[in-house]
Amino acid sequence: MAPDNSMSGFDRMVSSMSDDERKDMLDKVSRSSKEENEDVISVLPADDPNFRESLSVRLQQESFLRRLWIKIKAALFNIRQEDIYNTSLITRLAHDVEHTYPGLISHHRSVLTLGTYEKLYMLRKVQEFFMPYVESYESNPGLYYYYLSTIVIPDIAEEIQKDVDPYKFPFTKNLTSETRVQLIKKMEDALDNLPESKRTMMYMCVRSIEWLTAFNRMHVDSLIKNFTPSKECLYNIARSDFASIAKIMSVVNLPANEALVALFSFYYNTTAENPNKGDEEQLVSEFINGAQLHIEEIRSFSGGVPVKDLARIVFDNSLYDSKPFGGGEDWFVKFKSQWRTNFDIRWNQWLFDYKKYRMQIKIKTYFDYDGIPLLPVRPWKKLWTGYTFRYEMSMGFIWMFFDSIIRAHEPVLKTVMLEGDFIIKENTIEFADDFRTIQNMRNDFAVFNASLAENGDIGSVLAGLGHNPERASSSRESFDAVMSDVDESSQNFIEKAGKWFRSVKSILGAVVNGSESQYYGGLSNWSKIGGRQNKEFKENLSLVYTVVDHAYDVLTEAESLDSSAM
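Per this note's numbering, the very first residue in the sequence shown carries number 2; after that it's consecutive.
Some hints could be false.
Cβ-Cβ distance ranges computed for the label pairs, FRET-style [unchecked claim]:
1) Val182 with Ala447: 43 to 53 Å
2) Gln361 with Ser564: 17 to 27 Å
3) Glu129 with Thr173: 50 to 60 Å
Capping the alpha-carbon separation at 25 Å, the derived lysine-lysine pairs in BS3-like fashion look like this [claimed, not checked]:
4) Lys169 with Lys186
5) Lys497 with Lys363
6) Lys169 with Lys357
7) Lys415 with Lys500
8) Lys126 with Lys248
9) Lys169 with Lys356
10) Lys500 with Lys363
11) Lys126 with Lys356
12) Lys415 with Lys539
13) Lys174 with Lys186
14) Lys363 with Lys248
15) Lys382 with Lys356
16) Lys337 with Lys163
If you are wondering where the hints come from, they were derived from the structure by calculation, not from laboratory data.
The C-beta atom is built at its ideal place from N, Cα and C for all residues, glycine as well.
Can you build the whole structure from these sequences, using the hints too?
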């Protein structure tokens, strides 16, 4: 047979040997190369040509004797050279790990041992520490990036905030949509032109928090549960869970203090039910101290566990290498989006306060009252929860109107009720009901306010919660039930008041302004009612109509503001 010219001289030499010669040569080369514990050879997947090609290239760089030994063994056992070579590399690597990091593995039994279990258990404790903060971050990364900017680039963040803050304009200036567009453009230009060094600082912090987030997703707990009571876990059982650990722990990217401070500040200020509300500065210090201790545990793991080598052993892949950890590449898009969101919130708050200011001006102009009237008793203001009453302005104004504003005009209204001869008789009954409603509302408010007092039905419950925050935190249902009653009562007051204003406006409008309709007409004795003081009576009734009209205008705005504040 003609020689195969595609075979190297080395290949032809091996193929020309008899089986006995191969065995003899294998023994000699094996002794000289000092290979041990390679009786079991792992067969690599046949459909992984890239892996085999990489091993083949690496094999060519080995010594002649080592290549000869592998060639003979492959021919003798009819196994691919790459499989033999991979197993030999893994065996050598496992020997080094067992020698340098004793207690992590027992390779001849293919198990992770107690040392690995203890290191993993330590990592699980670190995950538990960071878990609530990482979950908070994952809920809104963009908002975290905003908090981060106030710590990493505080001067720039503060300058941008001031430049685009609508509150730099007085309420006497009515801001237009064009003003809003200009402010947004100014903000986006400032963000786009961040100095490269500052943007890099931000990105490095973002990457580290992304790494910490990925760290907390590692399947540590699942892997720990696969260990036997004797704290051992077979390689093949550990593989699926160990993959996530190898990917993250092969290249550690620990967060700097600035990133951690931002993480805690973000969690602290965005967690409504955070039971540890208090001195934020002190809490930040305590968190950083705890975080640094746990970060040292991560460093300890990295120094005590050769993650890549262990992964190669567990995966039986001598060429295993983790891909570079990514994450956070889109941080700037989310960062800008959050600034836009914050601006919109600030803009809407300005509009709310602007409308509130305008309502104050109306109240001052209409009723000579400074500020916005509020209920005389508001026990929820004493609570630690920061609860905002949903009907603050509506209820305050309604109470003030029926308690004081309308009092001065009751005699005129009473005269209409007693002496007025309505053209549409149903108006007589409706107006009488409206007049009685004034006193009924006053009485109902007296009862309502008494219930809100500290010794009242509602106030006493809220006072008990306020004096005992620990108890209150576990009594949210009681708080919600009480405030639900307050809301329901408030809705009834607002509904009755609205009905009263609309009815009185319609009746008096038909009488005073002649704006009659199918349902509302004037007084047949309009020119006689009040006797000799008829002219004065007409003027007074016109004033009452104006007061009611103005009051309804204010109430409508108050309801709108209360609704937008919810």
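Status of each hint after checking the structure:
1. Val182 with Ala447: 43 to 53 Å: 51 Å, holds
2. Gln361 with Ser564: 17 to 27 Å: 18 Å, holds
3. Glu129 with Thr173: 50 to 60 Å: Holds, since Glu129 and Thr173 (Cβ atoms, about 55 Å apart) stay within the stated range.
4. Lys169 with Lys186: 17 Å, holds
5. Lys497 with Lys363: At roughly 23 Å apart (the allowed maximum being 25 Å), Lys363 and Lys497 satisfy the hint.
6. Lys169 with Lys357: OK: Lys169 and Lys357 at ~17 Å, within 25 Å.
7. Lys415 with Lys500: 19 Å, holds
8. Lys126 with Lys248: 19 Å, holds
9. Lys169 with Lys356: 16 Å, holds
10. Lys500 with Lys363: 22 Å, holds
11. Lys126 with Lys356: 52 Å, violated
12. Lys415 with Lys539: 14 Å, holds
13. Lys174 with Lys186: 20 Å, holds
14. Lys363 with Lys248: Measuring from Cα to Cα gives roughly 65 Å; hence the hint is violated.
15. Lys382 with Lys356: Distance ~23 Å between Lys382 and Lys356 Cα, so the pair holds.
16. Lys337 with Lys163: 16 Å, holds
Consistency with the previously given hints fails for numbers 11, 14, ordered from lowest to highest.
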